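**Student:** Numbering of the sequence shown is given in the working numbering, commencing with residue 92 and proceeding in unit increments.
Treat the hints as calculated values from the structure; they're not laboratory data. Quick caveat, the model's predicted, so the values are computed rather than measured. Heads up, a few of these hints could be off.
What the hints assert, rightly or not - Computed list of lysine to aspartate or glutamate pairs in EDC-like fashion (alpha-carbon distance at most 20 Å, straight line): (1) 203 to 145; (2) 203 to 192; (3) 215 to 192; (4) 138 to 151; (5) 215 to 145; (6) 163 to 151; (7) 163 to 106; (8) 203 to 151; (9) 200 to 151; (10) 215 to 151; (11) 200 to 145.
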Amino acid sequence: MLASRGQRFGALFLELLLAVVTLLIGWLIWSLIVYARGQSPAKQVLKMRVIRLESRCSADWGWMALRELVLKAAVIFFLAGVFLLGIIWVIVNGIVLLNNDRNQTVWDKMLKTVVISDPHNLFKPVPQARYPQGS
Numbered sequence: 092m093l094a095s096r097g098q099r100f101g102a103l104f105l106e107l108l109l110a111v112v113t114l115l116i117g118w119l120i121w122s123l124i125v126y127a128r129g130q131s132p133a134k135q136v137l138k139m140r141v142i143r144l145e146s147r148c149s150a151d152w153g154w155m156a157l158r159e160l161v162l163k164a165a166v167i168f169f170l171a172g173v174f175l176l177g178i179i180w181v182i183v184n185g186i187v188l189l190n191n192d193r194n195q196t197v198w199d200k201m202l203k204t205v206v207i208s209d210p211h212n213l214f215k216p217v218p219q220a221r222y223p224q225g226s
């Protein structure tokens, strides 16, 4: 059920390709929509989903935004400014992914999430009622 290392690397490369093809703006809009489902654009295409370990439920929009926009983007853009550090970060993240039984990256470990393969949408988040019963 966990996404394999190959799927994780494939999602990374597909994410970069989608960002380039959509001139980043399309990718960002697409991301903001699918974050609510615990997915990024590449994860949606590859039928993968981010799951929080504590609740064993799909990550919600806030967790995905923190994971993707804050942790990933901030770290990558910061380190990409210094080319050598950017390369070191990619290598470290790859080593972390390859050396744990849950196929987690650094940001997965920080947020206690895993990425699963979910081709049948079994972990699709259930919409919450806007107003509690009896209001």
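**Student:** State for each hint whether it applies.
**Tutor:** Now the hints, each set against the structure:
1. Taking the CA atoms of residue 203 and residue 145, the gap is about 7 Å. The hint holds against a cut of 20 Å.
2. A distance of roughly 14 Å separates the Cα atoms of residue 203 and residue 192; the hinted pair therefore holds under the 20 Å criterion.
3. Of the pairs offered as hints, the one joining residue 215 and residue 192 is violated, with about 24 Å between alpha carbons and a cut-off of 20 Å exceeded.
4. Only pairs whose Cα atoms come within 20 Å are accepted, and residue 138 paired with residue 151 is accepted, the gap being roughly 16 Å.
5. The hinted pair formed by residue 215 and residue 145 meets the criterion: a straight-line CA distance of about 17 Å does not exceed 20 Å.
6. The straight-line distance between the Cα atoms of residue 163 and residue 151 is roughly 17 Å, inside the 20 Å bound, and the hint therefore holds.
7. As the CA atoms of residue 163 and residue 106 are separated by approximately 12 Å, the hinted pair is consistent with the 20 Å bound.
8. The suggested pairing of residue 203 with residue 151 holds, with an alpha-carbon distance near 13 Å, which does not exceed 20 Å.
9. Pair hint residue 200 plus residue 151 holds up; C-alpha atoms about 17 Å apart against a cutoff of 20 Å.
10. The hinted pair formed by residue 215 and residue 151 meets the criterion: a straight-line CA distance of about 10 Å does not exceed 20 Å.
11. About 12 Å separates the Cα atoms of residue 200 and residue 145, which keeps this hinted pair within 20 Å; it holds.
When held up to the earlier numbered hints, the structure conflicts with hint 3 and nothing else.
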